[in-house]
Amino acid sequence: MAEALNQKDNFLKGIIKENPVFVMLLGMCPTLGVTSSAFNGLGMGVATLFVLLMSNIVVSLIKSQVPSKVRIPAFIIIIASFVTIVEMVLEAFIPFLYEQLGIFIPLIVVNCLILGRAEAFASKNNVMSSILDALGMGLGFVIALTALGAAREILGSGSIFDIKFVAENANTFILFILPPGAFIALAYLTVFFNKISTKEAK
Amino acid sequence: MAKKKDTFINMVVSLFVITIVAGLSLGFVNELTVGPIQKGKIERKINALKLVLPEFDNNPVEDVKMIKSDLAKDSVEMYVAKKGENNVGTAVIGSSEKGFSGLIKIMVGFKSDGSINNIQVLEQKETPGLGTKMKDDKFIEQFRGKNPSEFNLKPTKDLGEVDALTGATITTRAFGEATQMAYDIFMKEGSTTKTKKD
Amino acid sequence: MSAQSIIISASPHVHSDRTSKKLMYDVVIALIPAFLVSLYVFGIGAFIVTAAAVISCLLFEYLIQKFLLKSEVTIGDGSALITGLLLAFNLPSGIPIWMIVVGSLFAIGVGKLSFGGLGFNIFNPALIGRVFLLISFPIQMTTWPTAVENQTALADAVTGATPLGIIKEGLTFGGTMTDLASKIPSTLDMLLGVTGGSIGEMSAIALLIGGVYLLVRKVITWHIPVTMLVTMAVMTGIFWLVDSEHYANPLIHILSGGALLGAFFMATDLVTSPMTKKGMIIFAIGIGVITVVIRLFGAYPEGVSFAIIIMNAFVPLINTYFKPRRFGSKIKSKIV
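Protein chains in written order, with the UniProt record's numbering: chain A, 1 to 202; chain B, 1 to 198; chain C, 1 to 336.
Treat each hint with caution, since some may be false.
List time: in silico EDC-like cross-link candidates among lysine to aspartate or glutamate, alpha-carbon distance up to 16 Å [stated by the list, open to error]: (1) 105/B - 77/B; (2) 41/B - 91/A; (3) 45/B - 91/A; (4) 39/B - 91/A; (5) 111/B - 189/B; (6) 125/B - 99/A; (7) 45/B - 55/B; (8) 69/A - 6/B; (9) 50/B - 62/B; (10) 83/B - 62/B; (11) 45/B - 99/A; (12) 218/C - 26/C; (13) 41/B - 99/A; (14) 83/B - 63/B; (15) 146/B - 113/B; (16) 50/B - 31/B.
Read the hints as simulated data drawn from the structure, not as lab findings.
Given only the sequences and the hints, what does the whole structure look like? Please build it.
Below you can see the structure in the form of C-alpha cells.
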C-alpha cells in the first residue's frame, strides 16, 4: 500500500510539485522557442515526453551495465538516438509539425530535463518508477508548453489551436507571438502556477 | 546487480554495445522513413506547383531546371508544366533578401504568355500579423493575370502599381522584388525552354 | 512601502521637505508647456489621449494594489500620473482609446508593479507601455495625424509621417537629402512644433522650457540630457559631414522624434537611471549611441525609447562599477 502511494506521488510530482517548467525551470530553450501557438507547444511537449520516456526506460534498464565513468556519454548516445528517431518519424509522417518545430527537434538532445531525469532518477531507480517519473515529468512539460503556447496564441493571434475567435483583421497583441512575449508570458504563468500550487499545498 | 567496475575494457565494451544498438535502430527507422520523407517532399512541391500553374499532366519536378543566374546567389529552380506536348506554364522560385527579417522565397507561376498565374510564399520570417499577410489571397490577388512587362511590381509608394500591405511596405517591396526576379529569369531562360522539345 | 523611499542616494541622508511627491509634481509642471502645444496642434484628440492614459494608469495602479497585491495604495505619490502623462506623450493622437488602456495596464502592471512598485522597477514604465504598443500595433502606433485646423474636432482625416519617418523612407529607396529637403518640415517648424509626431514630441521649445524648469528646480541634473544630446549630435554630425546626401544633419536628429522628450523626461527618471554623475554620463552616452544606430541603420525610424530601455537594463551594472563615494571616506584620486 505504501509502495502504491509512493508510486502515485512519484507520478504526480512532475505535474505539480516539481513541474519541470514552472517550478524547476528546466528546458527553457524549447519552452521559449516554439510556444508561439498551442499546437506547437503540444507537439514539442509530446515529442519531449516520448524521448524522456524512452530514455528513462533504457537508462533504467542498463544502469548496472554501464560503468559510472562513461555513464554521461552513454546517456547522451541513448537520448540522441531517440531524438533522431523522433525527428525522422515527424518528418515522414507529420511534416507540418516538423516544419514548425524546425531546429528545436534536434535540440531536444540538450534539453536538460531529459539528461537530468536520466542522471538524477532513472540511473538510480527501477524501470517501473522510471516510467512513472518520465510520464509525470513529461506530462508536466506537455501541460506547461501547451498552456504557454495557448496563452501566447490567444493574446498574440486571437486563436486557440488555430481556431480563430476574433475577426480576421482584428488587432491582437503581436508582441506575444514574438520572442519577448515568450518571456513575459512565461513569467506570469510561473507566478500564477506557483500561487495555485502553494495554495494547494496549504 | 552490482555496478560494473570502471575498468577500461568495461567502458569500451559498454559504449561499444550502446553505439552499435543505437546505430542499428537508427538505421532501421531510417529505412522506414526515408521513403515517406522523399515522397512528402515531392508531394509538397507538386502541391505548390499545382497552386501556381495552370492544369498540367506532366511531372514538372522531374523536369526541373537549375538555372545559374547573376540575379540570385544559388541557382534558381524552374519548373516547366506541360499538357500533352504544349507548354502551359512555368514556375520559377523567386527570392529577395530585403524582407523585414531577411529572406523571402516565393514560387511564381507564369502562363506561357508571361503573365502571372499565381504566387505561393515558400519561406518567410516576416512580422506575424503584418508582413505575413503577404500570404493572404487578398494581397496575391492583385498579381494574378498581370504581366510584369506592363505591370510595375513596385509598391505604389515607389511609383509602382502594387497596393502595399498596411504597415509592411518593406515586405511588399521585397515581395515585388522577388516576383520581378522570377520574371526576369523566366524571360531570359523561359524562351529557350519553349523552343526546346524533349 | 512608503511613498517617500524612492530617492536612491549615498548616505548621509539629509532630511528636507522635498519628498518624491513634490519632485513628481515638478515633473508634471514641466510637462505642461509641451502639453499645451500638443493641444494647440492636435486639438481635442491630444486631450482625450492624455486623459485616457492618465486615468487608466491611476485606475490600474489602484486596482492592482488594492485587490491583487493587497498592499498600500500609492496612487497619490504622483508617479502613476507621470507614467500616464509620459505614455500619452509617446502616442500618436489618433490612437484608439482601448489601446491606450491596454498600454497603461502594461506600463503599470508589467513595467512597474511586477517589479515591486515605485523604486524597484528596472525599466521606465511609460516606455514599457509605449514599446509594447509599438510592437503589438505598429500600424496604429505609426499613423500620425497632422496638425488639425479646427482644435475641437477629432483629428482622424489627415495623416502624415514624422520627419524621421520621411527621411528613413526616402533614404531607403535611394533618395538623397536634397530630394527630401522639401518634404521635411523646416527647423523652425520643428522648434515650434508644427510637425507630425506623437503628442509630446511636437515642440522642441516647449520641451526645452520644461527641461530647464526641471534643471532649475534641481529635479534633474544636466548630466544625462546634455550628454545624451551631445552624443547624438556628434555621432550624427560625423555621418552628416562624411555624406550629407544620405544622412540628415544633427539638428534634425535632435529636434525630432522625441529626442528632447527622452533626454529630459524619460532618461532622467530617478528610479531607472544611475546614481552617480559618472554613471549618468556613461548611461547617457549609451542612449545617444544606441538611438543613432537605430535611427541610421535599424528598421525603425526612431530609437529613443528602445535606447533608453536598453540602457535601463545596464543601470545596475553601471551602479556596481561607479559606486557613490561613502561619506567620510578619503577621496582617493580619481574616484568620485
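Consistency of the hints with the structure:
1. Simply put, residue 105/B and residue 77/B have alpha-carbon atoms about 12 Å apart, close enough for the 16 Å limit, and the pair holds.
2. With a C-alpha separation of about 9 Å, the suggested pairing of residue 41/B with residue 91/A holds against the 16 Å cut-off.
3. Proximity of residue 45/B to residue 91/A is assessed by CA-CA distance (about 15 Å); at most 16 Å being required, the pair is judged to hold.
4. Only pairs whose Cα atoms come within 16 Å are accepted, and residue 39/B paired with residue 91/A is accepted, the gap being roughly 11 Å.
5. Using a Cα cut-off of 16 Å, the hinted pair residue 111/B and residue 189/B holds, with the two alpha carbons roughly 14 Å apart.
6. Using a Cα cut-off of 16 Å, the hinted pair residue 125/B and residue 99/A holds, with the two alpha carbons roughly 13 Å apart.
7. Only pairs whose Cα atoms come within 16 Å are accepted, and residue 45/B paired with residue 55/B is accepted, the gap being roughly 15 Å.
8. The hinted pair formed by residue 69/A and residue 6/B meets the criterion: a straight-line CA distance of about 6 Å does not exceed 16 Å.
9. This hinted pair checks out: residue 50/B and residue 62/B have alpha carbons roughly 14 Å apart, not beyond 16 Å.
10. Between residue 83/B and residue 62/B the CA atoms are separated by roughly 15 Å; this keeps the pair inside 16 Å, and the hint holds.
11. Distance check on the hinted pair: residue 45/B and residue 99/A sit about 14 Å apart at the alpha-carbon level, within 16 Å; holds.
12. Distance check on the hinted pair: residue 218/C and residue 26/C sit about 10 Å apart at the alpha-carbon level, within 16 Å; holds.
13. Proximity of residue 41/B to residue 99/A is assessed by CA-CA distance (about 12 Å); at most 16 Å being required, the pair is judged to hold.
14. The hinted pair formed by residue 83/B and residue 63/B meets the criterion: a straight-line CA distance of about 13 Å does not exceed 16 Å.
15. This hinted pair checks out: residue 146/B and residue 113/B have alpha carbons roughly 11 Å apart, not beyond 16 Å.
16. With a C-alpha separation of about 30 Å, the suggested pair residue 50/B and residue 31/B falls outside the 16 Å cut-off, and the hint is violated.
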